[in-house]
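4 protein chains.
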Amino acid sequence: MIIVMEKTATVENIQGVIDILTEHGFRAILHKGDVHTVIDALGDKTTLSPNRLEAMEGVNYVRLIRQPFRLASRDRKPEDTVIEFENGVKVGGESRPVFIAGPCSVENDYGCLLEVAQAAKELGCQFLRGGAFKPRTSPYDFDGLGEKALKYLAKAKEETGLLVVTELMDSSDLKMVCDYADVIQIGARNMQNFRLLKSVGKCNKPIILKRGPASSVQEFLLAAEHIMYNGNEKVILCERGIKSFDHTFTRNVLDISAIPVIKKLSHLPIIVDPSHGTGQRYLIEPMSKAGLAAGADGVMVEVHPNPAKALSDGKQSLSIEQFKEVFSRLNNMIDLLHLDKKQPALKGE
Amino acid sequence: MIIVMEKTATVENIQGVIDILTEHGFRAILHKGDVHTVIDALGDKTTLSPNRLEAMEGVNYVRLIRQPFRLASRDRKPEDTVIEFENGVKVGGESRPVFIAGPCSVENDYGCLLEVAQAAKELGCQFLRGGAFKPRTSPYDFDGLGEKALKYLAKAKEETGLLVVTELMDSSDLKMVCDYADVIQIGARNMQNFRLLKSVGKCNKPIILKRGPASSVQEFLLAAEHIMYNGNEKVILCERGIKSFDHTFTRNVLDISAIPVIKKLSHLPIIVDPSHGTGQRYLIEPMSKAGLAAGADGVMVEVHPNPAKALSDGKQSLSIEQFKEVFSRLNNMIDLLHLDKKQPALKGE
Amino acid sequence: MIIVMEKTATVENIQGVIDILTEHGFRAILHKGDVHTVIDALGDKTTLSPNRLEAMEGVNYVRLIRQPFRLASRDRKPEDTVIEFENGVKVGGESRPVFIAGPCSVENDYGCLLEVAQAAKELGCQFLRGGAFKPRTSPYDFDGLGEKALKYLAKAKEETGLLVVTELMDSSDLKMVCDYADVIQIGARNMQNFRLLKSVGKCNKPIILKRGPASSVQEFLLAAEHIMYNGNEKVILCERGIKSFDHTFTRNVLDISAIPVIKKLSHLPIIVDPSHGTGQRYLIEPMSKAGLAAGADGVMVEVHPNPAKALSDGKQSLSIEQFKEVFSRLNNMIDLLHLDKKQPALKGE
Amino acid sequence: MIIVMEKTATVENIQGVIDILTEHGFRAILHKGDVHTVIDALGDKTTLSPNRLEAMEGVNYVRLIRQPFRLASRDRKPEDTVIEFENGVKVGGESRPVFIAGPCSVENDYGCLLEVAQAAKELGCQFLRGGAFKPRTSPYDFDGLGEKALKYLAKAKEETGLLVVTELMDSSDLKMVCDYADVIQIGARNMQNFRLLKSVGKCNKPIILKRGPASSVQEFLLAAEHIMYNGNEKVILCERGIKSFDHTFTRNVLDISAIPVIKKLSHLPIIVDPSHGTGQRYLIEPMSKAGLAAGADGVMVEVHPNPAKALSDGKQSLSIEQFKEVFSRLNNMIDLLHLDKKQPALKGE
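Line order of the protein sequences matches chains A, B, C and D. Residue numbers are given in the working numbering: position 212 of the first sequence equals residue 212, and the series is strictly consecutive. Residue numbers are given in the working numbering: position 328 of the second sequence equals residue 677, and the series is strictly consecutive. Residue numbers are given in the working numbering: position 294 of the third sequence equals residue 992, and the series is strictly consecutive. Residue numbers are given in the working numbering: position 262 of the fourth sequence equals residue 1309, and the series is strictly consecutive.
In case anyone wonders, no lab produced these hints; they're calculated from the structure. Keep in mind that a hint or two might mislead.
[Said to hold, decoys possible] Keeping only pairs whose Cα atoms sit at most 27 Å apart, straight-line, the calculated DSSO-like set for lysine-lysine is:
#: 1; chain 1: B; residue 1: Lys551; chain 2: A; residue 2: Lys175
#: 2; chain 1: D; residue 1: Lys1079; chain 2: C; residue 2: Lys1007
#: 3; chain 1: A; residue 1: Lys175; chain 2: B; residue 2: Lys524
#: 4; chain 1: C; residue 1: Lys775; chain 2: B; residue 2: Lys381
#: 5; chain 1: D; residue 1: Lys1245; chain 2: D; residue 2: Lys1124
#: 6; chain 1: A; residue 1: Lys198; chain 2: B; residue 2: Lys551
#: 7; chain 1: A; residue 1: Lys157; chain 2: A; residue 2: Lys175
#: 8; chain 1: B; residue 1: Lys547; chain 2: A; residue 2: Lys175
#: 9; chain 1: A; residue 1: Lys202; chain 2: A; residue 2: Lys175
#: 10; chain 1: C; residue 1: Lys730; chain 2: B; residue 2: Lys381
#: 11; chain 1: D; residue 1: Lys1245; chain 2: C; residue 2: Lys900
No experiment lies behind these values; they were computed from the predicted model shown.
Excised from the complex, chain A in its bound form:
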């Protein structure tokens, strides 16, 4: 840490900072500038929070030099994390990008879910997604079928062999969701629901952690850190769009640059969700391509046999026929560009 003192800091203020640093095992090195005094603190930040230093009299601000996440950091683990499933599917590293497809919510008609699952399977997708518990901005919207939906998903898995991804909204449902799902999703609005992070940190299923719509990359990686810190290192990050000043034509701004940024900072896999990221069906194809071109380890897409009748997110869902078209073009692009992964990337920075 670097502690920059106020211009008006007294000798006592400075000594106060040095004392607390020493007390916590830091080595403090003092530099008196013409205007500001700066203290270099070498040691283990986990033992002393920069916030506490910032609150001391005479301290202007504190800068961290190391990133505050540790388990998620590439510094700790330079090689890519690859998450492998029983059926051999792999996510991350040099593996071929995966596809996660399915309706936003699982609805009453099982045939509907099965139709999507079968199409996804035939095309070569690896995962079936579907919401059993849905976070809804308004209490008047459909919020999911609960365990019935989980059962439908499990049945569709049985019939197709696809792995099941579904969202967990409350730790009290953890056991139930684990009974049916292969991957547990933490939704964007729960990215900083720390109790929920803690609870999935204690289970042994891989987690898809969606980026909060107003979360910085650092907050996103710290949320992953919460899960990892509690014991579960199988975290797949998912970029799904951030809030901006402009939502006339898209619901969110899909932050494609977060993909290579996170690849540099962390060893965790990261996938992209162009359905939520844009909220527009016609943007799924170009934004999937953009995400894959930038290095994403997978794509999550909403597919519904009849988007116009979907109980949620119909506007951003592809019909099965549309999905087939889009999928074949994305697949083709992966074939062409996948080679790149083995090519050396630009060194530097």
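Since the structure of chain A is provided, determine the placement of chains B, C and D on it from the hints.
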């Protein structure tokens, strides 16, 4: 609702929309423009989600005319909601703005909490705040003492008569928190934790609901709607700053205009939290004044006997002595401006 | 336009709106709902501003149905605009994506510029960029060599045949810049400098218009409309990143989705600038790929023989050697994906 | 400056940084941490740009310790700048907050302008505002009467004694505008039109500089620095709202906290514009109060004899009658709170 069709919408597309509207009890009125066809839908939106219409073929977009929140809306209840406590304290309406003061987290030293509580009581504050469960961006930060903290708060209440405000992070703690607290706080990062909203909607304590750092006013009021819809109408809103592109000198941008905007849209009381809203001790006074001048029903301030030693949020906490100074100036301002509440405000809009 | 009246609007208020609409040649259709009255106005918006209607008593808000830009709109001109230069280079439509490379600012050492130009030429770039006039946030930073730089650019053009792109900051320099440049760039911070837009609207050089860092897509297209309205339809749009709440790891968020969104709304070509869009050298390659995959008509990259000595933007510039590497990989990707342009894209929406 | 090196920086990289620092007269102090090497650079930043250092190989990032603005900084000039006009009106420091009122644009009917001016004069306002040149997002909107409007303003000044504030959009109009105006306004969208800043830096009229809708406080003060650096220190800052993710109920978010933040960082006066800041007539009163309570040196309000007929910004303009009501309540509040200015504010930070 107004449904604007695509330029390319077919006669079948248009009929499809009219059919679904009629089926759900809406009256549909069709207008063919030179470029676009527009359908007016008169009826009860709760029976048919605009999202579902937006997903239909040929639909460009759907505009709502009424606000999507209902219980929270001033249209339903034109008079201000006033929340009254057993000891006669009132929040909202024409009541004098209230003060909620206390440390960010309750810490190990009970004397410390009591000292703040006693000072707050002497000055004339109505509420003591203190975190027992703390949401922390990093898993390496102090996250609260749990039930021990709740016991400390209850003890301080016994000694001072102040009402206790504390945050609930998970529905599994609800009963415990209710045993000790007079008001339950839902933190900003949990504003869209819909399970938590549902659970506090079923208890009978007043709730302080903090605005999420990237939540629109509409999402904020819909979160209140979740609580009210589940049975608890005693919701106090709290503006605590939103994320912006600039965080060099403040942690968030305290959205003062949200106060008069919400006063116009809703009957619920709204208070302001300048400590989290700015993250800077020296901004607490001017931003409290700004909030009160704009119509806030109360102010929530972090106070700590020794901010430099606070385990959380020291930089934005006032010392007891500073709080005394600030409080006396705010109180003076309330005396002077309180009269305004009874003066007629500008009509129109 | 759809005019939604206040709940409290009087009969006179409503008549007032109908009168003004009729007076301006609109057909007004009245719908009385249970709560709100809505007026449909069919006619030509250019004759009556929605702002004027919004200011009338009893009006709640006005919604436009058509986009406010016209000349830039794909509704007016469904086929892509292709801008063709004397030497046969084309930008837009089915043309191969172009490359614009060069240093942020032209500096004193001509050899330096020539070196970049020659490398760019050899690789197959079409344009040389370089700033003669530099907008600088701080008055203490280097702000360009002025006409001397323009002369250097012209000389480098003579030696390599590359087309020259340079920024115009003030209409008083227009003639001078036109004497040397093939394409005039309007910088992001001048996107809404309407006098400047007007002046370049009256010249006959193609314009690269950069998106303002906080401009919506609609404001961006309206800025293009200003140029086109003044007579110059040769506008190339350039996405270069928008401001967000997070700038820890990137300077801006490159809004890749703006590319397919604008392709849908407008017939104008759009290129991408990953150097300014991210501010990080290592992100140029993945974000160029993302932009191209999403449909960009070109890429603009900062290249400097010695980024560490660049007088501006060194951190986001590639060295010549790095550029060669990156360029060859991008070029390879264009070869592979260019075919896609002729493949049918997903219909719908 | 503090230069934080990459983990992978070589001895040569480090020496390179030290060499360039020494060459530019800095004292470089080296600290080798376990992970990162950090270099303290003591010296005058104007001689060496941090951007140049950031571009060097092995450099991770550079942190400034001093603010990059100097002339605008309170460090350089601890006492408030007070701008005094010939007629004795003062802006800034301990002076009573001033009022600037008038229509958005000056329109064809002079009587209309005079009516506003006379009302403003009678109430006790000091300034008349009115646009002669209007920046318009769309080329189809009314963009001002030009010199005719300036003549009207001068005439209204003659009849009322009010000082005239009007916007300059292009340096080519500077002489003309100076002939008629007492204060020149630089609009929000021109805040980083550096040529325009330079030109008004060379005139001797006071300048009102409006904050760009996406400009940070630092960029805002650096824009003022441009004017001051060119010779004109009479700059009045104006907070007028920033862009956020939410514009359902307000056009912008009026950043009230910018007022006390800027008061701390700079000696320049700062006023508040609630008309543009919110875009809503009913918010003018509460947000003017909030601004004044937070320490603003003045308020700028749009007033029009018939807002419903205004050619621009009618929705956010007060009628004369409404202005009288609002003004009297604001004036009353100033009387009550003005005393505060002489009371000691909270020390610290």
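*Pair hint outcome, Lys202(A) versus Lys175(A) [Cα-Cα no greater than 27 Å]*: holds (11 Å)
*Take a quick look at whether Lys198(A) and Lys551(B) sit within 27 Å of each other, Cα to Cα.*
holds (25 Å)
*Holds or violated: Lys157(A) to Lys175(A), with C-alpha atoms at most 27 Å apart*: holds (19 Å)
_Satisfaction of hint between Lys381(B) and Lys775(C), Cα-Cα up to 27 Å_ = The given pair, whose Cα atoms are some 23 Å apart, holds under the 27 Å limit.
*Between Lys1079(D) and Lys1007(C), does the CA-CA distance stay at or below 27 Å?*
holds (25 Å)
*Between Lys547(B) and Lys175(A), is the straight-line Cα distance small enough, at 27 Å or below?*
Holds, at about 20 Å.
_Hint check: Lys175(A) vs Lys524(B), CA-CA at most 27 Å. Holds or violated?_
Holds. Lys175(A) to Lys524(B) sits at ~22 Å (cutoff 27 Å).
*Take the C-alpha atoms of Lys1245(D) and Lys1124(D), compute the straight-line distance between them, and say whether it is at most 27 Å.*
Holds. Lys1245(D) to Lys1124(D) sits at ~22 Å (cutoff 27 Å).
*For the pair supplied as a hint, Lys551(B) and Lys175(A), is the alpha-carbon distance within the 27 Å limit?*
Satisfied, since the Cα-Cα distance of roughly 24 Å is no more than 27 Å.
*Has the given pair, Lys730(C) with Lys381(B), been kept, meaning a C-alpha gap of at most 27 Å?*
Judged against 27 Å, a Cα distance of about 18 Å means the pair holds.
*Take a quick look at whether Lys1245(D) and Lys900(C) sit within 27 Å of each other, Cα to Cα.*
Judged against 27 Å, a Cα distance of about 25 Å means the pair holds.
In this structure, none of the earlier numbered hints is contradicted; all agree with it.
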